[in-house]
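*Asks:* Spelled out from the first residue to the last, the chains are:
Protein chains: 2
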Amino acid sequence: MTEQAQATLQNLYRIFTVSEAPSSTLGKIDKDIGDDLAGFLQKHVVASGATLAEIERDFSDSHMPEQPTFVSNYTSFIKDKLLAQSVHTASPGFIGHMTSAMPYFMLPLARILIALNQNTVKVETSKAFTPLERQVLAILNRLVYARDDAFYSSFIHDSRSALGVFCSGGTIANLTALWLARNQLCAPDGEFRGIASEGMYKALKHLKCEGLAVLVSRRAHYSIAKAVDVLGLGRDNLILVDPDDNNRVDMRNLRNACARVENEGKRVMALVGIAGTTETGTIDPLEEMADMAEKIGCHFHVDAAWGGPTLFSEANRWRMRGIERADSVTIDAHKQLYVPMGAGMVLFKDPQAVSAIEHHAAYILRPGSKDLGTHTLEGSRPGKAMLVHAGLHIIGRKGYELLIDQGIERAQNFADMITAHPDFELITAPELNILTYRYNPEWLRQKLVTARPEVAQEMNQKLDNVVVAVQKAQRAAGKTFVSRTRLAPARYQGQNITVFRVVLANPLTTDAILESVLEEQQEHIRTMSHLLAPLRELVARP
Amino acid sequence: MTEQAQATLQNLYRIFTVSEAPSSTLGKIDKDIGDDLAGFLQKHVVASGATLAEIERDFSDSHMPEQPTFVSNYTSFIKDKLLAQSVHTASPGFIGHMTSAMPYFMLPLARILIALNQNTVKVETSKAFTPLERQVLAILNRLVYARDDAFYSSFIHDSRSALGVFCSGGTIANLTALWLARNQLCAPDGEFRGIASEGMYKALKHLKCEGLAVLVSRRAHYSIAKAVDVLGLGRDNLILVDPDDNNRVDMRNLRNACARVENEGKRVMALVGIAGTTETGTIDPLEEMADMAEKIGCHFHVDAAWGGPTLFSEANRWRMRGIERADSVTIDAHKQLYVPMGAGMVLFKDPQAVSAIEHHAAYILRPGSKDLGTHTLEGSRPGKAMLVHAGLHIIGRKGYELLIDQGIERAQNFADMITAHPDFELITAPELNILTYRYNPEWLRQKLVTARPEVAQEMNQKLDNVVVAVQKAQRAAGKTFVSRTRLAPARYQGQNITVFRVVLANPLTTDAILESVLEEQQEHIRTMSHLLAPLRELVARP
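Here the protein sequences come in this chain order: A and B. When we follow the working numbering, the leftmost residue of the first sequence carries the number 7, and every step to the right adds one. When we follow the working numbering, the leftmost residue of the second sequence carries the number 7, and every step to the right adds one.
Among the hints, erroneous ones may be present.
Chain copies aren't distinguished; within one or between two, either way the pair holds.
Straight-line alpha carbon distances no greater than 35 Å define the calculated DSBU-like cross-link-like pairs of lysine-lysine that follow [stated by the list, open to error]:
(1) K37 / K404
(2) K468 / K376
(3) K34 / K485
(4) K376 / K87
(5) K34 / K478
(6) K376 / K85
(7) K214 / K49
Hints were generated in silico from the structure; no laboratory data involved. Computed from a predicted structure; not experimentally measured.
Build out the structure end to end from the sequences listed, making use of the hints.
*Replies:* Written out as structure tokens, the structure reads:
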């Protein structure tokens, strides 16, 4: 070995052994990073003004660095080029997506998670993290299904069953639920050894049908479409049912869609209800959907990735009525459980249903073992359930209840502000803490309602241009942030229009900040005479 | 609002705003956790003696805690009941699984990751983390495919293509690769609109075949079987090909298996090569597999979740020859890139192939956007690529090379120790840094080879009992840890036997520690006369 190689090796051993004493280089770097983070997070700015193209320049070398870099040099780079160019998702003015403030206690606790680096695929690499994860799933299963003590005592640590499955997020949770539904519908039956063994083609031949359909409101998260593709069902068999004027799935449309599926020689595999749609935060009529699923005899899945924690609120849990009849329920912990990114789960009504998706291997996951990896879609996984456990205990039901109730109240306040405002139009009133609105000034509003359809359409298109431009200008300015989406409200004869979308889950977002969002948007609009002129022209037309 | 609710609310605001000043309660807790972690990690103990059943008692309450808990109280609980009952996966004596030592610089850097809480599904919630992730994928794509500068300049930040996809781990990476392979094979063609739209049943009708097969060595990771189930192919169509005496896929068996698939009216969808099998660390003949895939015209995927970083070593990269011809390659960052749990990726030879699995949505991921979520199987994801970026820069190619070379050398040393040992038998010699062995004392060894088949079989079964008992005793004692699996070596006429499995990726594992592992096993064996007696009886039989 050369002298240089020896030196590199010594350095390598050091990076694997050095202790975190505050006086060590790493201790200093750790403190330095802590200070910088506190600085970044205390600034009430959403993002710096650098464009993506400018930032890309700092991340454009595709060569592997040959020599090692000092941690201190690397940290300086990261502070200048990454930290300073990040989005402050926890800023109270960042109300455009489902990222929110994070309880600060998550930081020291996450340190345990990273340092212990457990792998929950197997007890041998996770030990106490295995029962902890099962406990978290039991608590949330109880939140949804409210079974009795005897039920939870017998299933909480029973290796042959699962009260739910932990995963990296809602998309994998929804995929897991539909995978289970598919494998249960196409279970072994006589000569047929089940879809897990024989595949989709033979399963459909066995069932004597042309396809398996999943029915869900058009407001569904795109993860359902992805799952339907991955599972081999085909997106043609994802039936997107038009919602009613309140963005809830329309039960008559749903019933008709079911009938059509059956007339086409297909089978309804699952109904999916949404408890808190991504775009408008609305909750489907879960009770009626459960009735229909029962009648058809199909799987009923509820995507409560966003709305699940509403169940913590005594005042609002009635909105979720019927969720306890779902066969599976998705809840994201990195949304309204205020856990850092990368934590989702799906809960099962029947703890034994999981056998439909069980896999074993000789070197790990032997049948009968307590290894969580036997029934997770993912393999090696971090012990993120620990941070959910922390949130549940440190915040408590009463804490989550307050967070939920406050968000709903704040959204109502913001809706009132918008309704009272001369320049803005509320498009979807909040049921939970999500609403949409758009620019639609008083001088235009009446004209838009009375205009001939083709003129109204043109007006809406010109309004879309303003909304898109304002959203982009606001994002670029980096003071506050709302997102945008496309909706087809009944009041405009189902025409697709672009709207601002607001998610109010950050407890630090005040009414004053919401007012400032509207003020900032007005300021941007004032500079957009080139987009307003065509609108004024349309209004002036006889 | 009641007075109590007001107080809870005030507390809630505090947990979302408190700064991390060292003098604050949270600052103290943070320091305290740091000290405790250092204490835990410095102890060279693998695990405490508590049984899983004992630990479960502390995690058996399925009721949601009603009131909030103080962070300090919760932290005490976690230190006593979780930290103290965890597995020390980074211990140099923990050589049973693919978890290993972690470079300590990952800890302060992970703090940035957790505190910024970016969501890489979308640029609006991740900004600089998006180009950073694309850079990481470009560096690793270059490591595998070694294309020229012009290639990487044009694709590194091109939104319509992807040099790879980042995900939570190898299982999702393998699933993504096979999903892409399936959708490419069943791409739109004339009237047929592709499997993503029409589903598996119509795809097979269109292809006029009875099934799509995936062929892989019997040594494959179980994630391939899971993927085949999820994708609707059916596990019957996962053809597990017997390996040769060196645990590499046998090319003649593979060729015969391909012919059989075609005779059955099925299509070969993909060949999967393994670069570092989970159980024995062997590398399939990738060059020959690439030839065969080319001839058949099927997808060639390489699962290099473990072995990928071998490419960093000038002395050892020849072992991976042919990997650059794979259509897709899985590499896990939380294995031999020494990144904390939850980081994997799949790399693509053709950056445009990703269009086969693209999904869009109106509210995010608009076509043409730079949002990474358009082509990841997962949705919301943390910015884990940052820690891979850190490893690549701080450790550098030369650093990783030393880690890889040392692991391979250490495994060779351990193999020599075992071979020279009177009580142990090397079962699979290491190609990389993984080997298997078992208890098989000299007084038995010769008899076993010359015994009649049914006696040999009985002897092997009795040996299995000893190996299982030793592995369990060692695990319970918690000083060192090896895992176990089942293999069918040719020297025992393909009989399944239980073996110890050792993974040597921790740079702090010394030869002295390896010697102590064997010594400890001998000590355990000495206490097992009840398991040895039946063996002695068999040997004594005329």
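*Asks:* Against this structure, judge whether each hint is valid.
*Replies:* Now the hints, each set against the structure:
1. K37 / K404: For K37 and K404, the Cα distance is within 35 Å both inside one copy (34 Å) and across copies (29 Å).
2. K468 / K376: between (60 Å within a copy, 25 Å between copies)
3. K34 / K485: Cα proximity of K34 and K485: in one copy and across copies (32 Å, 33 Å).
4. K376 / K87: between (44 Å within a copy, 19 Å between copies)
5. K34 / K478: neither (39 Å within a copy, 42 Å between copies)
6. K376 / K85: So K376 and K85 pass the 35 Å test across copies only (23 Å; inside, 42 Å).
7. K214 / K49: neither (62 Å within a copy, 62 Å between copies)
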